[in-house]
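Novice: Could you fit the two chains together into a complex? Lean on the hints.
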Amino acid sequence: MPFISALTKRGRLIESHRPWPRVTVDAEIWRMAIAGVAAGEATLLGLWSDGETVHMGLMGGAEILVISLPAPERRFPSLGLAHPPALRLERAIRDLYGLEPEGSPDARPWLDHGRWDVAQPLGARRSVPPDRVAYDFLKAEGAELHQIPVGPVHAGIIEPGHFRFTANGETIVRLEERLGYVHKGIEGLMRNAPLERAAKLAARVSGDSTVAYGIAFAQAVEAARALKVPQRAVLLRALMAEFERLANHFGDIGAICNDASFSLMYAHCGALRESVLRAAETCFGHRLMMDCVVPGGTTADLADKGVGTVRELIDRVHKTFPEFVELYDNTASLQDRTVTTGILKPELARLYGAGGYIGRASGRSFDARRTPGYAPYGELDFDVPLREEGDVDARVWIRIREIEQSLGLIEQIIEKLPQGPVRIEALDAGPLKEAREGLALVEGFRGDILAWVRMGSDRTIACAHLRDPSWFQWPLLEAAIEGNIVADFPLCNKSFNCSYAGHDL
Amino acid sequence: MRKLLFKSLFQRPLTEAPPAENERMLSELTRTLDRAARRRLGRSLSIRAVDAGSCNGCELEIHALNNVFYDLERFGLRFVASPRHADVLLVTGPVTHNMREALGRTYQATPDPKWVVAVGDCALDGGLFAGGYACLGGVSKVVPVDLHIRGCPPSPTALLQGLIALVEKISR
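Protein sequence lines correspond, in order, to chains A and B. For the first sequence, position 312 matches number 312 in this note's numbering, and the numbering has no gaps at all. For any residue, its number in this note's numbering is found by taking its place in the second sequence, counting from 1, and adding 505.
Chain B extracted, bound-state conformation (with noise of 0.2 Å):
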């Protein structure tokens, strides 16, 4: 273990820079706060991440964003393991009937102020689950979702442009 510690000591960083704004994930986000809430959060989101049915494709992605390369929590933002210490859910899937009562109950355990971010195309219509007896069709037919991140699973670049987009909405 002291050879590897030693040698990480002369290596690189293999962190990346971070994805440049997105514009439209700024605008869609429309939710401003109050100067004293600013405060108390600063540029610092803690995260809860939800899978409301997705195929796990999202929550490997979401995963990623642990990683070296893309290091999270180097932008204040960091994933909490209860949702009564969050300020973000993160919800992915179609949103499957079985799992309705579980992402009401995660959001009402979460404290005002919060946001939702939608991640996945399932998450935004059902996509390719949508029509089904066993799927609602999309996280804002339970909760009230801010932010959509599209993609099959979207990347951890796309993920972090979203993720930074509400940050920076959020101290602005």
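So that you can see chain A by itself, here it is in the shape it has in the complex (with noise of 0.2 Å):
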């Protein structure tokens, strides 16, 4: 029996979590789990708590499902031992909610860096003096070692988080990651938030996918309370999911190419990015389209005269793109630079579940439009590209190549959508039977997305909680630097494109 549907058959449903199963388990089905996991039976989507119970995210096949293990003596069997993609995870709900990974290896912190004057701030909440906490990085011993500290406050524009590098020379031997600068409490403003303040702190969780977070959000709160969104404010979802992915991917490989100080692609990418932008600006009001995506349906709509843009925008990128793309190609001296930098491993980004194009361009074919499939991808038609190389290169061409489907995707969209309502009215009529589950598997721009919320039966959020694809890439990055040079690294963070945000919640 596929390992999925034993599980399931082990425990006990629980009746109001949709789309698909939860299941209470004890501790002895909990280990089975692990076991699995840590087999390669099923690939873990997502480790989290409620303050009561830790829920493991499942997925086998085409399968999902969750298993929940109450805790009532605050403490849980270690999934981090077995397989160390959930250890961070597991850091995070220790620090947050103070149960404890029963047999874990790493007892550090994670998101607590000892500023807050509570610890355990969504559990026991122990007032605590705020002080400073030395954090013991890994150790990296040998002769001629030394280490390059970097950050939290970066050199360019970006997030802040803090790499310790360990070098010889110029190579690195090992990077560890500290990150939790950005931590917000998102997961604990969302308790008992109503259900529209909710859905805006889901649009900055990230934002840079703030129409993918507003989508994953947005189908958890429908499948919870079994709503059914109008047609065409499905079709509307996924054109704004494609300009997001669009605009992202221009300035990601604009950017990777500038860090291998190739300017001229930059400029050009950033035109594309901006023209997109421009264009979403247009059709739906928002650069960035935040807040365009709301439970029940969308925010805007789009006009007639939108379709012209979106149409203006696809035959300008067409225009225009090929030709960067054979640049890229054809510039000997940016290839010498992104060829075989930063290979990850196939298996590597088998065993952490890589999403997007991290987990594509080694190997892992895995896409949430595809499995487990959501409207309106079903019944659209696209590709989804795939390389075994693993290197900063093959991180490009899978950025390439998808943007290609998604142009393909926005011209189908635009063929099909129909007239018709975009929003689902009357959605906070009368008092809900009883408090709904509902979870969510979305494909952003940089992978896939886990949303999963409670309902309280006054329509507020009880508590949520939202995994952002970086969860399970951050890990890696560590991995496909080691060996490469210091000067490198910049590089590969680009060709990652991790989030800090939404990793730090």
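Rather than coming from a laboratory, the hints here were simulated on the basis of the structure. Cβ coordinates follow ideal geometry from the N, Cα and C atoms, glycine included. Please note that the accuracy of each hint is not assured.
Computed spacing ranges between beta-carbons, pair by pair [said to hold, decoys possible]:
(1) B:LEU510 to A:ALA487: 24 to 32 Å
(2) A:SER365 to B:LEU509: 27 to 35 Å
(3) A:GLU52 to B:ASP630: 47 to 55 Å
(4) A:PHE137 to B:SER549: 33 to 41 Å
DSS-like cross-link-like pairs, simulated, lysine-lysine; straight-line CA separation at most 25 Å [what the hints assert, rightly or not]:
(5) A:LYS200 to B:LYS646
(6) B:LYS512 to A:LYS319
(7) B:LYS619 to B:LYS674
Covered stretches of chain A (in silico footprint by chain B; criterion: 3 or more residues with CB under 8 Å from a CB of chain B, positions within the stretch not fixed) [said to hold, decoys possible]:
(8) 147 to 159
(9) 173 to 187
(10) 191 to 202
(11) 272 to 283
(12) 346 to 356
(13) 461 to 471
Specialist: Structure, rendered in structure tokens:
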């Protein structure tokens, strides 16, 4: 029997969880799940807590399951011990909720830098004096090694985080990340928040993926409340999501080339990115399309004039982009920097369930638009590009190919766009009979975003968890950079382009 | 590459005219400089961006200032890599407790005279993120702020208006 169905049968089904099953299990089944995940029978989608219970999201084939272990004694068997991708998630659960991952090999805090005036802010809320806490970086031992500390404030216009390099001459022997600097306590702010406020918070988890987060949160709420969104809104959401993918991919390709000091590509890609943002503003009233997707539909509609704007944008990209692709492909000095730099091995991409261009450049063909899939992508025609090399060059090519696919998707969406409403009216009518829960898995430009919500019976959000794709990508950057030179770090880092805000929450 | 460069010789530039002066932003700036400092700075300012907990939305739009449409450097404004080279700190985010020390230290490392521009609605008072255990709620809780540029995120045009107002004020 497949692993996921075997697990489902052995737990107690929670009726109010949609659209995939959630089962409550005991410690024995939890350990069985740990063994299965460690053996590669399922991919870890997420590990989170609501304060009382720990939830593990799993995916095997196209099946998704959440298993939940109540933790009345404030402890649970560690998954990270057998499956390293869970380590940081467990440290975050310990920091925020005070639930102890038993047996975890890493006792260090993660999001808690010792700067808050409470410990376990979403659990026991113990008052503590905010104090400096030294952080033990992992050791690298050997002759002739030196350390380079970088951040949290970086040289560019980017988010804060700390990188600790240990290098032998120019060669990096170990990189360790320390994140959590932009932790805003979003899970705490979401608790008991009215739906409208919670949706705004979700749209600001990671500004570059505001549409994808909007869709993920909305789909989770709509699943919990069994709402059917009008078809026009479904297609408009996809249009916005593909706009977002285009804008970010253009920005990334330009910035990667810029980190190899090839500013010509940077200038041209920057202009393309700007034209996407301007089209978004004309069509939906906001350059990044923030708050355009809400539970129940979209707040912005596409006017007839907007359809023309979309077509002009597509034409412009079709005309100019192939020249830049050719330029990238034929510039030897640029290729010299990107090819064979920062190789991520396919085994690691698979182990960590790395999503987005990072996984797809290392042979993991996962795309949430395909599997489990969600509307309207089932009725649209697109390919999921795949490479095996896993270097910076492969991550650039995946983005180039995805831009081409997104253009095709946008053309299909414009063709199919039906008339009609874009939002369910009367979303707030009447009290809910019971608390309900919903789960969604949505493909942002960076990878799959997991959203889980529990609605209160008074229509507020009782609690929510949003898992950024970066949780499973940041650790891989540490692996990919090993053996590369320090000067290639910006290049590798940009080709990963993990989110700090989305990870730190 | 030659083909592309050749083409751009004949293309009209994409760069747009500067936005109109913004009176509100001009009037918010109260600090002026003595003549000696003005002469030294000229009409040129170096800017250091500090993310103190933003969602990255503001950073994306600050980035856009460098693209060919807005071309920030034509106004004598440029981004620098170190606070020690900066005249202006451009600070985003509701200021998380975890970033408080880094922001304070960056301010200390910036030589006088210096200005702080808080970018975005959450840099003003914490915005949506105010009230939690993790955020201080606004840049002015940690360092003195000379100008707020509102918006979630502010558009590149709004950012330009704010920064141009700052240059005008300093050079007058």
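Novice: So, for every hint listed, does it hold in this structure?
Specialist: Taking the hints in turn, this is what the structure says about them:
| no. | hint | result |
| --- | --- | --- |
| 1 | B:LEU510 to A:ALA487: 24 to 32 Å | 27 Å, holds |
| 2 | A:SER365 to B:LEU509: 27 to 35 Å | 33 Å, holds |
| 3 | A:GLU52 to B:ASP630: 47 to 55 Å | 33 Å, violated |
| 4 | A:PHE137 to B:SER549: 33 to 41 Å | 40 Å, holds |
| 5 | A:LYS200 to B:LYS646 | 24 Å, holds |
| 6 | B:LYS512 to A:LYS319 | 14 Å, holds |
| 7 | B:LYS619 to B:LYS674 | 13 Å, holds |
| 8 | 147 to 159 | holds (count 7) |
| 9 | 173 to 187 | holds (count 7) |
| 10 | 191 to 202 | holds (count 3) |
| 11 | 272 to 283 | holds (count 3) |
| 12 | 346 to 356 | violated (count 0) |
| 13 | 461 to 471 | violated (count 0) |
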